[in-house]
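Could you put together the complete structure from these sequences and hints?
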Amino acid sequence: MATVDTSQHDEFFKSKVLGHPAGLFVLFFTEMWERFSFYGMRVLLINFLTMAVIGSNPGWEWTAENAGALFGTYAGLLYLTPILGGVIADKFTGYRWAVLIGCVIMTLGHASMAFETEFSLYMGLALLVIGTGFFKPNITSIISEMYTYLPEKKDGAYTIFYMGVNAGAFFGMMLCGYLAERVGWSWGFGLAGVFMLFGTLQFLLAKPLFGKIGAAPKRQTKEEKAAEVKDYKENKFTTLDKALIVVTSIIGLLYLINDPVSKIGGLNLLPEEFIFSKDTLSGPLVITLIGMALFLFLVIGRIVRYEKVVRDRMIAVIIFAFFTVLFFIPFEQAATSMVIFARDYTDRVLTGNAALIFNIVNTLLTVIPLMIITWVLYLLKKQSFSKIPGSNVVLALCFALVWGIVIWMLAQDFSTKSYDVQYQAVAVEQVVDGKKQVVYEPITEARPLKPGETTETQILSISSNNELAIGQPVGAHLELGKYQYLDEEKQSKLASDYAAKGLKSQVVVGKVAEVKENEVEITVSWFSILNSFFIIAFASFFSRWWESKYNPSAAQKYGLGLFVMGIGFAVLAYGSSFIPQGAEAGVVRVSMIWLILAYLFHTIGELCLSPVGLSYVSKLVPARMIALMFGMWYLAIAIGNKIAASLGGMVTQIQEEYSLSTFFLIFTIIPVVAGLVITLLNPLLKKLMHGVR
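Heads up: the sequence shown at position 254 corresponds to 660 in the numbering used here, and the numbers run straight through without jumps.
Take the hints with a grain of salt, since some may be wrong.
What the hints assert, rightly or not - Think about it this way: if two alpha-carbon atoms lie no more than 27 Å apart in a straight line, the pair counts; the simulated BS3-like pairs of lysine-lysine are:
hint: 1; residue 1: 922; residue 2: 896
hint: 2; residue 1: 793; residue 2: 422
hint: 3; residue 1: 899; residue 2: 910
hint: 4; residue 1: 613; residue 2: 560
hint: 5; residue 1: 1025; residue 2: 559
hint: 6; residue 1: 613; residue 2: 788
hint: 7; residue 1: 788; residue 2: 618
hint: 8; residue 1: 559; residue 2: 648
hint: 9; residue 1: 888; residue 2: 841
hint: 10; residue 1: 422; residue 2: 560
hint: 11; residue 1: 787; residue 2: 560
hint: 12; residue 1: 714; residue 2: 422
Stated by the list, open to error - The following label-pair restraints were derived from C-beta to C-beta distances:
hint: 13; residue 1: 953; residue 2: 682; range: 33 to 39 Å
hint: 14; residue 1: 878; residue 2: 946; range: 49 to 55 Å
hint: 15; residue 1: 677; residue 2: 955; range: 55 to 61 Å
No wet-lab data here; the hints were simulated from the structure.
We put the CB at the ideal spot given by N, CA and C, even for glycine.
Okay, here's the thing in structure tokens:
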């Protein structure tokens, strides 16, 4: 780590915003725009990949399994590359250059994804994984170095910093999601890239503010490193250790890449059959289990070489890491199965007073946080404009764009109305569940009027923020159980999409019969912002709780977090019990209250467990081994993310064979049982922690 001289450090702290150096808020906004772009893209990916290939906003119509396989590998690698990125920064580039390199690579990744081709998608995801590896570990390292001589203010600095994390996630999911679903996917992916570019520029132009903080490291001898760490005791890697690291790393990477490549491209990097019959256990799974066993052998082999107290504490960390995997398996359903549930099975249409109330709440939810962050920007400008004018100008442009999109979004929703449309249809008798029913088939290019048939006038409902007049001809297209309004441009595009597939168009043409009340269809991505909102709302409560005399032990926090997570999925399991087995997407929808409550409980569970884990790693592990154990911690999160996405991709299959309720019950049982087990392990963990609280 670069040495920070006291005089330069004191100079750095002279320009303060809310009691902290202005440089902290440069990092706040850098992280905010990076999280904006990351979560803005993340909330779109599964929705885009699994959306029907023909529609008013077509996707790629992948299966949930294939989409989950790709996303799981991407999410898993995101937590592994930071290990390498941290090493590169420590040894070669320094933290500041590593952050800048990461920003540039991620900007290129987002730009690539906006092209919506298969090659650009894979290239974009690969660049995002590499860029995150440089960015993620090093921006927090700059904060740590910044507060070298004021450690008592570090907790407050990280609290402010993580508000930037949540603000970025909140606005990224809201705005990228809205643009993608209302205008087009490339707009959402593109917006994520635009703000990543802005974040890069404002960080680059803020260089004069940081001086030598985060600069390239000076080489140290082994003796100097040892002198810095009081409890330094070398535990050399043996030849066997190194061999096991290489073998397990190769197995892990091959599995992560093979999963989506074999499912999507039909190319197997690992044998389909190994030791066992593939009907018993598939080859890739057997090889992965062998890799995990070898890795466990490696970890145990290293731990037993340490003195008892260190050894016990490291065992405690590994136990916590195992339960972290069990937490992230259900928690990360928010990126896969819960997105599909929100889109296909949740009633997201509000009309009349309900629409008005939602629009008012959504306005307050959006505008108030944006006003607060804009005020912080103004305070930063007062303190730093003379030193970093370029960075301030870029930030001002960022916020001007955000305000513009927010105002446009709110105006769109406030002006949307529902319309009744008359169209011509033919009455046809069908047998449903053994009973005869009359259904009306709309007259379309795909279903023309047959000789001898007569038409009847029927009514369908659409919504639009365009002012439509009574008698005006309009087009409509049935998508996920709801008719979508098509203007002339979209009608033409949809007709060509059908023709390209060799199909006749199913666009229904009719005339506006009645202008009805206000209506708003909540975007799929809107529900994902609830996690960030609830974190902001409840974080201070949990912070005070952990600092009070009622502060639970680490195991109790874990147990509570896992149990509350299970309650969230129990709520979803109950809500989805009203959806029949095998129900077609969009035909049966349940109240959005179940999804809102699930996000509430999941966030409370996250606040109990997620911030606590990393804190205990730093408390339990001697400084010399922190890098290794943080690496293991991120490995646990990577495993949790991969398993979560793989299981989340099974949502359609389980819905068809069993029910959605059964699917969500799986994620009720896993955390509840895990929560009970770790609570029972509380006495053992206290003993292993040797007084650390």
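Are residue 613 and residue 560 close enough, with their CA atoms no more than 27 Å apart?
The hint holds at about 21 Å.
Holds or violated: residue 422 with residue 560, Cα cutoff 27 Å?
Judged against 27 Å, a Cα distance of about 15 Å means the pair holds.
Can the restraint linking residue 613 and residue 788 be considered satisfied, given a maximum Cα separation of 27 Å?
17 Å, holds
Do residue 953 and residue 682 keep their Cβ atoms within the hinted range of 33 to 39 Å?
Roughly 52 Å apart at Cβ, these two residues miss the hinted range, so it is violated.
Checking one constraint from the list: CA of residue 1025 to CA of residue 559, max 27 Å. Satisfied?
18 Å, holds
Check the hint pairing residue 922 with residue 896 against an upper bound of 27 Å on the C-alpha distance.
23 Å, holds
Using the Cβ atoms, figure out if residue 878 sits within 49 to 55 Å of residue 946.
Between residue 878 and residue 946, where Cβ atoms are some 52 Å apart, the hint holds.
If you draw a straight line from the CA of residue 899 to the CA of residue 910, is it 27 Å or shorter?
It holds: about 13 Å lies between the C-alpha atoms, which stays within 27 Å.
Does residue 714 pair with residue 422 here, judged by a C-alpha cut-off of 27 Å?
Roughly 45 Å separates the two Cα atoms, so the pair is violated.
Assess, step by step, whether the Cα of residue 793 is no farther than 27 Å from the Cα of residue 422, and give holds or violated.
13 Å, holds
Whether the CB-CB distance between residue 677 and residue 955 falls inside 55 to 61 Å
Holds: the Cβ-Cβ distance is about 58 Å, inside 55 to 61 Å.
Is the hinted pair residue 788 and residue 618 satisfied, with a Cα-Cα distance of at most 27 Å?
23 Å, holds
The structure shown violates the earlier hints numbered 8, 12 and 13.
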